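**Student:** Listed here are the chains, written in short residue letters.
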Amino acid sequence: MGAAASPATGDDHDDRVMARVRDGDLAALGELFERHHGRLYAFCLRSTGSPAAAEDLVQEVFIRLLRYRHGFRPGSRFLGWMYQTARNTCIDHFRERAREAPSTEEVEPTVSERPVALRDLERAETCERVRAALARLPEDRREVLVLSRFQQLKYRQIAEILGCSEGAVKVRVHRAVKQLREIYLEMSEEAAS
Amino acid sequence: MRCEELSGQLMDELMDRSGSAELPRHLEHCSACREEAEQVSATWELLGELPPVEIPSSALRTRFQAALQGYRAGQEDASVRPSEAPQPGSGRPWGRPLLQLAAALGLVVVGLATGLRLAPGPGAEMGALRGEVRSLSRMVALSLLAEDSASRRLQGVSYSGQVLEEDRGLLDALIAALQRDPSVNVRLAAADALAAHLDEPAVRRALFAALPHQSSPVVQLELVDLALRSDGRGARLAVEKLAARPDLDPEVRHRIATVLQRGI
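Protein sequence lines, in the order shown, are assigned to chains A and B.
Going left to right, the first sequence walks through residues 1 to 193 as the working numbering numbers them.
Going left to right, the second sequence walks through residues 1 to 264 as the working numbering numbers them.
Possibly wrong hints are sitting among the right ones.
Said to hold, decoys possible - Residues of chain A placed beyond 12 angstroms of chain B at every Cβ, according to the derived structure:
1. Arg16
2. Val17
3. Asp92
4. Ser193
To be verified - List time: in silico EDC-like cross-link candidates among lysine to aspartate or glutamate, alpha-carbon distance up to 16 angstroms:
5. Lys178/A x Glu139/A
6. Lys178/A x Glu38/B
7. Lys154/A x Asp16/B
8. Lys178/A x Glu45/B
9. Lys154/A x Asp12/B
10. Lys154/A x Asp25/A
11. Lys178/A x Glu36/B
12. Lys178/A x Glu35/B
13. Lys178/A x Glu122/A
14. Lys154/A x Glu13/B
15. Lys154/A x Glu139/A
Hints were generated in silico from the structure; no laboratory data involved.
None of the values given here were measured: they were computed from a predicted structure.
For each residue, glycine too, the CB sits at the ideal point set by N, CA and C.
Work out the full structure: start from the sequences and follow the hints.
**Tutor:** So, in structure tokens, the structure goes:
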């Protein structure tokens, strides 16, 4: 996730930039795009498993930030607001997908995750299985895991995004990891048999 | 430390090594928690094996800039009459594909008109040439709307909206884009383009027929706002039909309640 901006820096600056967007300086959204499109893409990709869907979702998130800009109240935190928008966008995507073609979308391999040499095969298989196990997790559990493990967010920030306590976030992450492990082991057994 | 506190302590430790010093002491004496902690830690580490995501920044940036530009142009169109609207990015307008296309078509028109002036012919010939230019415009618009790339289809919607005055045949194409395009941005742009023709009954019917079937809250909000700008029973019925959907986004539901309270 090299392109993701550090979550610990620039939060106040982001809030000020978003306030400018809200007040009519629409071009300022470009600065927020540059800082956050990488982490948003990674979030959407880990959530959906589809690079094409992730591209569409990032686009949709920024359009929503623009259209709902008046909902960014003074004192709001941009990062949390952005992730809430991203969550809602992903939820809409899953709903739409369920209506159109339930359970038929396969996880698309990305270029970086294809094996490049024989010695990498075992590691690539492990990665593929982890990604497939992630895809099988219920959406809410996958989401909390992606936020905590891949988005470099603090539990406090995740709690703000999800609207619950930090303690509840830790419990949810713990449960998600346990369920992921069960799925992963199941898949490993299936592959071995 | 009690066993019930394992989640919090373990997750703190895995996230940033901030678990309390009691955790290792507890794990030393509690085999159940130790086993659980080992399994969870191993899975947490396994997730770290996933390679970093490659960000398609260039493609994302191109789409974002096109969408931002389209949105700003739409905002300007909504507040200024088309003939008075400032040209977005007027500093280097000919670098934009859409404007290049418009310029090319303009040159065709100028060429045809010049040819006619040099060799004046009957009025019917002029009419036929106008028809050819219109047909060329339509072909360009429909080709763009049929592209696989959402960005190109967005250009198609934008272009169709610009030439709609001269070619009513593109109305159906815009309505189809609003109803069926898989991209939310394209549907949104189609709604914006059609909004300029809200005074036409066919456009109103198409917009409100599309409303209850839209899955994107953004498009729903756009169409609800258009309904607010339109009088009539059809608009109200469409909004009420949308409001009856159980999966409706809370923000849209709130907006509909406000609109209905205000009266359409």
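**Student:** Next step is simple, just say for each hint if it's right about the structure.
**Tutor:** Verification of the hints:
With a least beta-carbon separation of about 19 angstroms from chain B, arginine 16/A lies farther than 12 angstroms from that chain, consistent with its non-interface assignment. In this structure valine 17/A is separated from chain B by more than 12 angstroms, as the shortest Cβ-Cβ distance comes to about 14 angstroms. Look at aspartate 92/A: its CB is around 6 angstroms from the nearest CB on chain B, not clear of 12 angstroms, so calling it non-interface is violated. Residue-level check passed: serine 193/A sits 21 angstroms from the nearest beta carbon of chain B, beyond 12 angstroms.
Proximity of lysine 178/A to glutamate 139/A is assessed by CA-CA distance (about 15 angstroms); at most 16 angstroms being required, the pair is judged to hold. Distance restraint check for lysine 178/A and glutamate 38/B: the Cα-Cα separation of roughly 11 angstroms lies within the 16 angstroms cut-off, and the hinted pair is therefore satisfied. Using a Cα cut-off of 16 angstroms, the hinted pair lysine 154/A and aspartate 16/B holds, with the two alpha carbons roughly 9 angstroms apart. Annotation: proposed proximity of lysine 178/A to glutamate 45/B holds, straight-line Cα distance about 13 angstroms (limit 16 angstroms).
Between lysine 154/A and aspartate 12/B the alpha-carbon distance is near 10 angstroms, which keeps this suggested pair within the 16 angstroms criterion. Between the alpha carbons of lysine 154/A and aspartate 25/A the distance comes to roughly 30 angstroms, so the proposed pair goes past 16 angstroms and is violated. For the suggested pair lysine 178/A and glutamate 36/B, the alpha carbons sit about 9 angstroms apart, so the restraint of at most 16 angstroms is met. Between lysine 178/A and glutamate 35/B the CA atoms are separated by roughly 12 angstroms; this keeps the pair inside 16 angstroms, and the hint holds.
Annotation: proposed proximity of lysine 178/A to glutamate 122/A is violated, straight-line Cα distance about 23 angstroms (limit 16 angstroms). About 13 angstroms separates the Cα atoms of lysine 154/A and glutamate 13/B, which keeps this hinted pair within 16 angstroms; it holds. At most 16 angstroms may separate the alpha-carbon atoms for a hinted pair to count; lysine 154/A and glutamate 139/A exceed this at roughly 20 angstroms.
Consistency with the previously given hints fails for numbers 3, 10, 13, 15, ordered from lowest to highest.
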